[in-house]
Amino acid sequence: MDTMETLNGIFREVFDDPSIILKRETTADDIDEWDSLSHINLVIAVETKFNIRFALGELQTLKNVGEMVDLIEKKIRK
Amino acid sequence: MEDRLICNNQFNIGHICTRQQCEQGRGDKVAMRWISPAMERTDYTFSDLDAESSRFANVLQALGYAAGDVFFTFLPKMPEQFFAFLGALKLRVVAGTLFSNFGEEALLDRLGDSQARGVITKKSFVKKIANVRDRLPGLRHIIVVDIDEHQSGDVLSYRQLMRDASSDFTAPLTTPDTPSVLHYTSGSTGKPKGVQHVHRSVLHQNQTAREVLCLAEDEIYWCTADQGWVTGTSYGIIGPWSLGVTQVHFGGGYNAEHWFTLLEQEQVTIWYTAPTALRMLLREDPALFGRFDLARLKHIFSVGEPLNPEVIHWSRRTLGREIYDTWFQTETGGIMISNRPGLEVRPGSMGKPVTGIEAAIIADDGSTMPDKEQGNLCAKPGWPSMFVTYLNNDEVYRQKFRGGYYFSGDTAYRDADGYFWFLGRSDDVINTAGHLISPFEIESALLEIPEVAESGVIGAPDDLLFEKVVAFVTLHSQFSYSRELELKIRLHVTNKLSSIATPQEIVFTDVIPKNKSGKIMRRVLKARYLGTDAGDISTLEI
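Protein chains in written order, with my numbering: chain A, 1 to 78; chain B, 1001 to 1542.
What the hints contain is simulated information worked out from the structure, not anything from laboratory work.
Any given hint could turn out to be false.
Calculated cross-link-like contacts (lysine to any residue; reagent style SDA-like; alpha-carbon spacing at most 25 Å) [claimed, not checked]: (1) B:Lys1352 with B:Met1369; (2) A:Lys75 with B:Leu1485; (3) B:Lys1127 with A:Asp17; (4) B:Lys1123 with A:Asn8; (5) A:Lys63 with B:Ala1038; (6) A:Lys49 with A:Thr6.
Just a few of them, taken from the derived set where beta-carbon distance is under 10 Å, the chain B residues facing chain A [stated by the list, open to error]: (7) Asn1101; (8) Gly1103; (9) Glu1104; (10) Gln1115; (11) Lys1128; (12) Ala1130; (13) Asn1255; (14) Met1280; (15) Glu1486; (16) Leu1487; (17) Thr1494; (18) Ser1498; (19) Gln1504.
Quick caveat, the model's predicted, so the values are computed rather than measured.
By construction, the Cβ of each residue, glycine as well, lies at the ideal position given by its N, Cα and C atoms.
Using the sequences and the hints given, assemble the complete structure.
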């Protein structure tokens, strides 16, 4: 399973919406439930599932899901 | 026709905000400049607003709705929400609004208690309602805005319904005492309570929009509040549109770049927002603000939680504007105490009571407190937007009134010059980012998780949110902490209640302090968390 696929599963679980289909261009505006508070759930879920850690503020600069995938893959490679 | 608010004794809010504006010559004026999350703009005139809300009133009437029935919107900010809300009011149907991030338990409590007949929502939210549908026998219709055809006899397409409905509807003469808007609010115990307002509220909402927010014919106004909360209906719909003011409504979330682009491009003159958003802006790179021309922006107002002086000083320094903090509650329906242009701002103060409001600081024994002494923040009943009951809970409603005063549940003091200063809550209710959250609701949701044995929830000071939700949990002996369990707990609360109710911090502990009758001693939990003195713990059992 590639990173995008795994991430899609995480999004569906976190936002309780099995219809979510992520694209690289997907942003918080495309998912109704994705607000600054549920974002914390997403961060914890991504960290737990991929066994990585994000630094404070590291995710705030990301523009879309594609950049999140790139960051996750960079951390996995380390 | 002259610009009177109440014509021919017609108090109907839906009528006043739409048809009446057309009758007063504003039919072609932009009522709503809708900006989608992708920053695309669509204008709706007052004629459009009248036609679409009338169409929706006809839809509800054709479905058998009548005066007093309860209908909810459960949508993110989008044009259909405004049409449905105003259309329901035109028909004298009680219009409730639900915050779009509510989970299924939060929906069940509100739809169930109010015995709502219908709800308008979007496809991705239908599942949440479907999960509790069997416990909502009174719910007849789920109207879905983004499906083209009806799915069944009770899951209906908004588009199909609206296609077949007439855009002509004349609101029946509506008395001031007719039930209008319904919002649910949290208490420290029990389920959320339905705060019922009546059409008379438009008097106060109109007056304060004019006198406090300075809304007038040529202003361009933007209220960032979600329509799920009282600010979003009182000052994101009723106050401004009853004055014929053009409103900007933005479907996107917080984004400093987008927000300042909007302020500049749409030439917003009056902006009503929240302290948490302002504190988030304060954390942005100051260079960002220099890129935007805000010459048209006259005033910034804030509501939801106390505005810290730091934010006021930041705004003076960075934006060259004063921020005027205002105070009201779901129960008051409109602004009660405020800072406002023409009144010297004392940073950190709530300001002074608005016209027609008699506020006082009252001791628990009913006596009036002298200046500078802490007590219960109260108001003399009788202002037009005062709630008329808690739905199905008149006893608790009556308990809010003692000795001729409404007790707000907030504590404050008044200084020698008549300014009020907020101090805190007199109960355990948590104010996080301007939303009141019941610790009881969160504790109940936590106990549904098989691993959790006991729970206690408090609000703790937070630099951004004013208060954050902190949950203490004990686990059954066969379980232990893991990151997966923490995630499970968080997701459970989010999906059952909402993201705002989700604990910012979860403390796994061996014991939850309770008194001899088993009541959770949140005061002790809070003192432990903050490292302060817990006070009298003589009744502590564990």
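Right, here's what the structure says about each hint:
| no. | hint | result |
| --- | --- | --- |
| 1 | B:Lys1352 with B:Met1369 | holds, 17 Å |
| 2 | A:Lys75 with B:Leu1485 | holds, 23 Å |
| 3 | B:Lys1127 with A:Asp17 | holds, 8 Å |
| 4 | B:Lys1123 with A:Asn8 | holds, 19 Å |
| 5 | A:Lys63 with B:Ala1038 | holds, 13 Å |
| 6 | A:Lys49 with A:Thr6 | holds, 9 Å |
| 7 | Asn1101 | holds, 6 Å |
| 8 | Gly1103 | holds, 8 Å |
| 9 | Glu1104 | holds, 9 Å |
| 10 | Gln1115 | violated, 26 Å |
| 11 | Lys1128 | holds, 8 Å |
| 12 | Ala1130 | violated, 12 Å |
| 13 | Asn1255 | holds, 8 Å |
| 14 | Met1280 | holds, 8 Å |
| 15 | Glu1486 | holds, 7 Å |
| 16 | Leu1487 | holds, 5 Å |
| 17 | Thr1494 | holds, 6 Å |
| 18 | Ser1498 | holds, 8 Å |
| 19 | Gln1504 | holds, 7 Å |
Hint compliance for this structure: hints 10, 12 are broken, all remaining hints hold.
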